[in-house]
Amino acid sequence: MAITTTLVTRPEIKDTSYLRAALKGMKITLKHMLNPRKITQQYPEVETRLHPRWRGTHRMEVHEDGRPKCVACGLCPTVCPANCIRLVGGEDDQGNRYPIVFEIDEFRCIFCGMCQEVCPVEAIHVGQDFENAEYSRERFVYDLDRLMHQDHPTTLLWDPSDPTSE
Amino acid sequence: MERLQIVSAEDGMVFYLITLTKITVMFGIIMLTVAYTTLAERKISAFIQDRLGPNRVGPMGLLQPIADGLKNLFKEETLPASASKFYFLIGPMLAMIPALVTFAVIPFAAPLPTSWGVVPMIIADVPIGVLYILALSSLGVYGVVIAGWASNNKYAFLGALRASAQMISYEVGLGLSLITVLMLAGNVTLTEIVWKQQELGLWFSLPLSLGFILFLVCAFAETNRLPFDMPEAESELITGFHTEYSAMKFSMFFIAEYAHMVTASALMATLFFGGWDLPGSWDDVFMHDGAWISGFTGDGAPISASLSVWKTLATFLGFAAKTGFFLLLYIWIRWTLPRFRYDQVMELGWKIILPISLGYAMIVAATILTLSQSGIDYGFVFGLVLTVVSGICTMAFVFVVDRGGTISGAASGKKVGG
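Respectively, the protein sequence lines represent chains D and A. For the first sequence, our numbering assigns the number 1 to the initial residue and increments by one for each residue that follows. For the second sequence, our numbering assigns the number 1001 to the initial residue and increments by one for each residue that follows.
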């Protein structure tokens, strides 16, 4: 590959002037000073715009009758890199598997989204929510009830028209 | 029938009470101005950087200085174990006191008529005006140096060293550019300087434009403001000479720096922009031979002037507007220009500003002498001739001297071929 050189002509010392350069700079800062459009986002009055793939607090999807979609297969605790999911599975009298205990420790979670990707029934999701401050560490462990009652939109990790990513 | 005599010490208790009121009111106004200048600096610097400044504490952030003051009150006061305790403690005081006391001789409004007499709107109308200011601004160096030395910290020490060298170098330039004003006004008293600008019909920044530019540069260097920010260079010296200070003592340094800024702005407004004078001659007042006049007619007869509360208020607002403009200039330039290197600061002070202000003082002196010898009265023509001469000097300065020798931007030192 040939080496290309660019000649940058700079003014000679006898044509430069500090005062005039300073005045030119002051004109630029004045223009910025008087420009009414500022880029500060006035949170919390202005809602933060999150992207569709933004990963945040978890959410458990439910069937129409209120049962969680989770079948307690054990894939999400296995894949979780931070060991933040605790799952105790069981069968009901009709032979359907359901989670007896399903807890996610949001404090340990690294919000990677692997649990959503690996879930075979699209039950556990990561969502677009970050305003989840609590007063104690114990309150950060979300149990199944709390996870089912979250109401924020869930993260879009794959194209909905191509779920198997062919 | 109101008394038209100036309230003086012979009036006893009334004089002391009036002076005390003036001191209290002006001290309060200056401290408020200093506090809100810190807010203005943050807001204006934010606007320049395309963001909003503090706007959460009060409406548009107006209670922010109070929040800052409360924070500083509640913080822990540090006192390093190996610091000299006495000097560490008096350093901030020595920095703050000259900045505030210098304001005592600056006239801030037209004289106010009251039922006890006429109250001059200046805290101490001493005849030595400008000399008092020069003397006290030299004292400002002590606060910086003592604070840096007493901290027993090499960064603070370096900052103090640079600060002392810089402030001392630019005081020479300050004094020399001030001499042109004194020559044109013929008197050192600040109220006289304001009156002379009213008599001349022109504010001194026009007939003495190069003096104004040099005074501006030296005032920036005296108050340790960017581009002469060496002593507080955050990226090189942590916070320079006030590294070891926290809470209230740091706050006092902060107040000292902004009070120095306010005083320098007020001084520039008084010396070069007519002080409390508003354009037009309706507000000119001066005590001459026991009577208040607003000027002289063509054949030397005095025109009498009337004093009123409205004139005092209007001129005070005018003075505040001029000082506010200079404060804005301080903040604007700070967020435009990068910092000078230490050797550039020294070279500018000694090799450029000193000879030029000396030469300019000689040129102004020669012009004034020629004008008075040729019989032109102290009036509009006088000012016009001086404006032309100063204009030539300023053009020479801007186009000949300002040639990248000291501070060259993106300039090549040699001829570029092709």
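These aren't lab readings, by the way, just hints derived from the structure by calculation. Just so it is clear, the structure is predicted and the values come from calculations on it, not from any experiment. One or more of the hints may lead you astray.
Straight-line alpha carbon distances no greater than 16 Å define the calculated EDC-like cross-link-like pairs of lysine to aspartate or glutamate that follow [what the hints assert, rightly or not]: (1) D:Lys69 x D:Glu12; (2) D:Lys69 x D:Glu47; (3) D:Lys69 x D:Asp143; (4) D:Lys69 x D:Glu103; (5) D:Lys31 x A:Asp1050; (6) D:Lys38 x A:Asp1050; (7) A:Lys1351 x A:Asp1402; (8) D:Lys27 x A:Asp1050; (9) D:Lys24 x A:Asp1377; (10) A:Lys1196 x A:Asp1050; (11) A:Lys1351 x A:Glu1171.
Results for each hint:
no., hint, verdict
1, D:Lys69 x D:Glu12, "75 Å, violated"
2, D:Lys69 x D:Glu47, "31 Å, violated"
3, D:Lys69 x D:Asp143, "15 Å, holds"
4, D:Lys69 x D:Glu103, "15 Å, holds"
5, D:Lys31 x A:Asp1050, "10 Å, holds"
6, D:Lys38 x A:Asp1050, "5 Å, holds"
7, A:Lys1351 x A:Asp1402, "12 Å, holds"
8, D:Lys27 x A:Asp1050, "15 Å, holds"
9, D:Lys24 x A:Asp1377, "40 Å, violated"
10, A:Lys1196 x A:Asp1050, "43 Å, violated"
11, A:Lys1351 x A:Glu1171, "14 Å, holds"
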